[in-house]
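Asker: These are the residues of each chain, in order.
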Amino acid sequence: MLILECPYCGVKAEETELQAGGEAHLKRFGPGSSDDDFHDYLFMRENPKGVHFERWRHVNGCGKWFHAARCTVTLEVFGTYTAQTSTPPQALLDAISEKRPGWTWREFADASTSHNGEEVAD
Amino acid sequence: MKRYSAFAVAREALRYHSGWERAWASPEPKPHYDVIIVGAGGHGLATAYYLGKNFGITNVAVIEKGWLGGGNTGRNTTIIRSNYLQDPSAAIYEKARSLYEDMSQDLNYNVMFSPRGVIMLAQTEHEVRGYKRTAHANMLQGVTTEWINPQRVKELVPIINLEGPRYPVLGGLWQARGGTARHDAVAWGYARACSAMGMDIIQKCEVTGVRTEAGRVVGVDTTKGAIDCDKLGMVVAGNCSDLSQMAGFRLPVESVALQALVSEPIKPCMDVVVMANTVHGYMSQSDKGEMVIGGGTDGFNNYTQRGSFHHIEETVRALNETFPMVSRLKMLRQWGGIVDVTGDRSPIISSTPVKNCFVNCGWGTGGFKAIPGSGWAMAQLMATGHSYLAEEFTMTRFKEGKFIDESVAAGVAH
Ligand SMILES: Cc1cc2nc3c(=O)[nH]c(=O)nc-3n(C[C@H](O)[C@H](O)[C@H](O)COP(=O)(O)OP(=O)(O)OC[C@H]3O[C@@H](n4cnc5c(N)ncnc54)[C@H](O)[C@@H]3O)c2cc1C
Ligand SMILES: [Zn+2]
Chain A
8 MLILECPYCG
18 VKAEETELQA
28 GGEAHLKRFG
38 PGSSDDDFHD
48 YLFMRENPKG
58 VHFERWRHVN
68 GCGKWFHAAR
78 CTVTLEVFGT
88 YTAQTSTPPQ
98 ALLDAISEKR
108 PGWTWREFAD
118 ASTSHNGEEV
128 AD
Chain B
49 MKRYSAFAVA
59 REALRYHSGW
69 ERAWASPEPK
79 PHYDVIIVGA
89 GGHGLATAYY
99 LGKNFGITNV
109 AVIEKGWLGG
119 GNTGRNTTII
129 RSNYLQDPSA
139 AIYEKARSLY
149 EDMSQDLNYN
159 VMFSPRGVIM
169 LAQTEHEVRG
179 YKRTAHANML
189 QGVTTEWINP
199 QRVKELVPII
209 NLEGPRYPVL
219 GGLWQARGGT
229 ARHDAVAWGY
239 ARACSAMGMD
249 IIQKCEVTGV
259 RTEAGRVVGV
269 DTTKGAIDCD
279 KLGMVVAGNC
289 SDLSQMAGFR
299 LPVESVALQA
309 LVSEPIKPCM
319 DVVVMANTVH
329 GYMSQSDKGE
339 MVIGGGTDGF
349 NNYTQRGSFH
359 HIEETVRALN
369 ETFPMVSRLK
379 MLRQWGGIVD
389 VTGDRSPIIS
399 STPVKNCFVN
409 CGWGTGGFKA
419 IPGSGWAMAQ
429 LMATGHSYLA
439 EEFTMTRFKE
449 GKFIDESVAA
459 GVAH
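Here the protein sequences line up with chains A and B, keeping their order.
So for the first sequence, the working numbering puts the first residue at 8; every next one is plus one.
So for the second sequence, the working numbering puts the first residue at 49; every next one is plus one.
Do not take every clue at face value.
What the hints assert, rightly or not - Simulated crosslink set (SDA-like; lysine to any residue; CA at most 20 Å straight-line):
hint	chain 1	residue 1	chain 2	residue 2
1	B	113	A	57
2	A	56	B	353
3	A	56	B	354
4	A	106	B	352
5	A	19	B	358
6	A	19	B	357
7	A	71	B	347
8	B	336	B	382
9	A	56	B	352
10	B	403	B	433
11	A	56	A	86
12	A	56	B	294
13	A	56	B	118
14	B	113	A	80
15	B	252	B	271
Read the hints as simulated data drawn from the structure, not as lab findings.
Hey, can you work out the whole structure from these sequences and the hints?
Answerer: This is the structure we're talking about:
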């Protein structure tokens, strides 16, 4: 069973107390942005086999949204942190590097043109 | 390949069953194939089969990191139906359902297709309207379904409790020609037929890289070395994001756990499949007598093929109201699979930004029923570059806003 510590109330909450809210730190794109950015924001997700940053809500507790870093292959939880940040705290990133040497985050997504539409061979 | 028949059973009975052959060969990889399919689940094997059968392409390898059928194909609750809402879905799922009807004869392998009928219960006013709409859509699509009233539901499912209290049964969408099949047998039957056509099924061999030259696929790296190919099909369900990254592109898919469970075997009590989507549960009885039960997906990304226990609890709790007898059943075992979910809950059967590299994924919680239709379409796409069945299921449809939105129509895993 997944247990996450709510960074607000300090409760070590198990899954039934929590609601998963999907990938964290998405940059929002709306009207006026390019089609590709809008498409990626709406539909593309990291879906990594490994370290993942997520939004969770302490729904049956204090009710607040927070962030968690978790491994999707081992279900190990690296840590949780508040929602008032747009990047994971450096201390957490360092701790993950120690456990998963060579791991990357969004390197591929940032480098790849997601212009999947244009060059599709028929 | 020696054919299976009543005569063969009699012959072997007289000689201590010494004459049965291995169902498929386990060769070492050759340096080059015309086509490599990654993933020996139902969809990958069916693709290979129809490449051979419909297009005469038999220099094919199917590469599997574990054992064939060990992914979602061997983990699902085997429901087969084609009562979808959107036209492209109805076309491919109905094609698949019709291929299931004579699959045992076609493959000379008993896949135990049992068209026992599938009911999708309507337990809210919303669902009543939704399913009536689906029944009308199905009529236009040439898919035989029918809206039935609660009394008819009770006739078909005597163990059901119509009254609620929370979710009374208000009727149902009935597809008499839906049903179940034996999932392992589907994988095994295709594997045997592929092997008989001279294709190589290479198990315990993981694809670790995709090699491209000038934007065109030329081969794969595997735990058994590099293998060249002219065309590549990635058919790896929950691992598709991983594979697509190897080839250098992304897919609009997330991988989550979906679980199922079976009870102790009991005497025959329900001879149709029942889906209760509002309460997130569905149930059928296997030939062994076990009640086979499935529910909804877990809420978070997962690659472990294990789900959360409280989801199992939720599913069973929900079914208790509609099937009070479930509360007296002992559950025997439970398991999970990693399903690949897209934004509109419809699959992707598509060419990709890499030339000669094709992808078939996104079947999520409901792709067992689609195996033959999907393989049919994927083989056509890979062989000719086009498939009328796959036309709408491109990976670019999200950008174009051309969703094939089945999330409303299905709303639950199945
Ligand atoms: C619990 C549960 C219940 C379900 N119930 C139903 C149902 O009732 N009806 C229905 O229609 N559908 C159902 N489904 C969905 C259905 O099982 C799937 O959609 C379908 O089986 C997918 O088949 P596939 O061949 O695409 O994938 P899989 O069978 O998962 O095959 C993919 C294969 O690729 C292999 N692979 C992955 N990565 C690599 C690699 N790098 N190299 C080599 N091989 C690799 C895997 O090992 C796997 O064997 C259910 C699913 C689950 C989990
Ligand atoms: Zn809290």
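Asker: Quick one, are residue 336 of chain B and residue 382 of chain B close enough, alpha carbons at most 20 Å?
Answerer: holds, 16 Å
Asker: Residue 19 of chain A and residue 358 of chain B were given as a pair; does the straight-line alpha-carbon distance stay at or below 20 Å?
Answerer: Holds, at about 17 Å.
Asker: Do the alpha carbons of residue 113 of chain B and residue 57 of chain A lie within 20 Å of each other, as the hint requires?
Answerer: holds, 18 Å
Asker: Hinted pair, alpha-carbon criterion (20 Å max): residue 56 of chain A, residue 294 of chain B. Please report holds or violated.
Answerer: With Cα atoms ~12 Å apart, residue 56 of chain A and residue 294 of chain B stay inside 20 Å; holds.
Asker: Does residue 252 of chain B pair with residue 271 of chain B here, judged by a C-alpha cut-off of 20 Å?
Answerer: holds, 8 Å
Asker: Under the criterion that the straight-line Cα-Cα distance not exceed 20 Å, is the pair residue 56 of chain A, residue 86 of chain A satisfied?
Answerer: Between residue 56 of chain A and residue 86 of chain A the Cα gap is close to 18 Å, so the pair holds against 20 Å.
Asker: Please verify whether residue 56 of chain A and residue 352 of chain B have alpha carbons no more than 20 Å apart.
Answerer: Roughly 10 Å separates the two Cα atoms, so the pair holds.
Asker: Given the hint that residue 403 of chain B pairs with residue 433 of chain B, test it: the Cα-Cα distance must not exceed 20 Å.
Answerer: Roughly 11 Å between the alpha carbons, so the hint for residue 403 of chain B and residue 433 of chain B holds.
Asker: Given the hinted pair residue 113 of chain B and residue 80 of chain A, is their Cα-Cα distance within 20 Å?
Answerer: holds, 16 Å
Asker: Under the criterion that the straight-line Cα-Cα distance not exceed 20 Å, is the pair residue 56 of chain A, residue 354 of chain B satisfied?
Answerer: holds, 15 Å
Asker: Checking one constraint from the list: CA of residue 71 of chain A to CA of residue 347 of chain B, max 20 Å. Satisfied?
Answerer: Holds. Residue 71 of chain A to residue 347 of chain B sits at ~17 Å (cutoff 20 Å).
Asker: What's the verdict on residue 56 of chain A and residue 118 of chain B, does the C-alpha distance respect the 20 Å limit or exceed it?
Answerer: Since the Cα atoms of residue 56 of chain A and residue 118 of chain B sit roughly 19 Å apart, the hinted pair holds (cutoff 20 Å).
In this structure, every one of the numbered hints holds.
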